[in-house]
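This is what each chain is made of:
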Amino acid sequence: MEAVLEAFLSHYNYGMAIILMMIGLYALIAKQNLVKKLIGLNIFQTAIFLFYISFADVEGGIAPIYLPEGMEAIYVNPLPHVLILTAIVVGVSVTAVGLSLIVRIYEEYGVIDEAGLLKMVKRR
Amino acid sequence: MNVKALLAVLLIGVILFWAVGDMPAFGDPQSPATRYTGKLYVDLALQDVGVENIVTAILASYRGFDTLGETVVIFTAGISVALLLRRGGRL
Amino acid sequence: MRENVVIRTISRISVPFIQVFALYVIVHGAVGAGGGFQGGVAFAASFILMFIAFGLSGVEKRLGKKWLMVYSIIGIAIYAGIGFLCLAAGGNYLEYGAIESAVGVAHLHGYLIDAVEMGIGITVMAVMVSIISDVMDRDGESP
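Protein chains in written order, with numbering that gives the first Met the number 0: chain H, 0 to 123; chain D, 0 to 90; chain W, 0 to 142.
These are calculated hints, taken from the structure and not from any lab test. Beta carbons: idealized from backbone N, C-alpha and C, even for Gly. All clues stand as given, with none of them false.
Here are the simulated DSS-like pairs of lysine-lysine, each with C-alpha atoms no more than 30 Å apart in a straight line:
#1 H:K30 / D:K3
#2 D:K3 / H:K35
#3 H:K121 / H:K36
#4 H:K118 / D:K3
#5 H:K121 / H:K35
#6 H:K36 / D:K3
#7 H:K121 / D:K3
#8 H:K35 / H:K118
#9 H:K36 / H:K118
#10 H:K30 / H:K121
#11 H:K118 / H:K30
Chain W regions said to be covered by chain D (calculated; three or more residues, Cβ under 8 Å):
#12 31-42
#13 77-83
#14 90-104
#15 112-124
Taking beta-carbon pairs under 10 Å as the criterion, some of the chain D residues facing chain W (in silico):
#16 T55
#17 S60
#18 A76
#19 I78
#20 R85
Hey, can you work out the whole structure from these sequences and the hints?
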């Protein structure tokens, strides 16, 4: 029991990221509304961001900016921060393009859910 | 409630939780990512690039080409939103 | 579409401060927490506040909507142009050290990174404002 609790407490960040990812993936697969699908995609993205940022952390580390000369410190791992900094901006762009595609679909077909869209496409 | 989707998502979740045991602990200074790659950047960034912010040093110098591509991706997204929504009655 | 006088006054007061802070974040990217992406988004946020408070059409007219894409191209051109300058100085693409050793100025490396961050910031700002104005421009308010 002690060992299981220890293992859970030292790895809980991965568990939280996986749970968030499962919520996003379920919304992405099961929801019919296209806007809700896009929200699911955003939740999925956020799970990936949290996963990367949490494994960059080091016990007692500070932000990766050099302190003045002569001061010693432990810095956290800077590489995941860089990857996620660019991924966040690309995520915003993907969301914008997806939302504008949904707006155009609604103007063209008058529907916003997946089944209705397939029906309208088949009818044409 | 979509049962098939729920089963698929739970299956993926179980597989990922199974893999969690092999990951380094939270905040472990000896984890492979921090000990090798991260330590390399922290040690070398000041003398290689001469910039105090290590994130900026990696973003603009070590991975400069990647960031250029990233900027082009954002520009492409702006162009496509403008093409989709700012069309003046055509399409 | 004009909002309440309280909202308009508060936005008029706070927009310059947001913009100065965004410029600080962009320029401060090399020595502290900051960078082009964050500062560009903060700069775009000030324009979004203006869109909300003063209505879309007036702000777009003063901003020059058709120039936004030109601004973003200018940002990318600054970034890529510095890369080509490095080629001209005899190094690899985006190898800032080549310019530093060719010109012979100390700490030029950091200034070049600042210029690159400025290019990123201009592109991100222009694209975000363009996206928001396109998405908002749907309720038949402006042609």
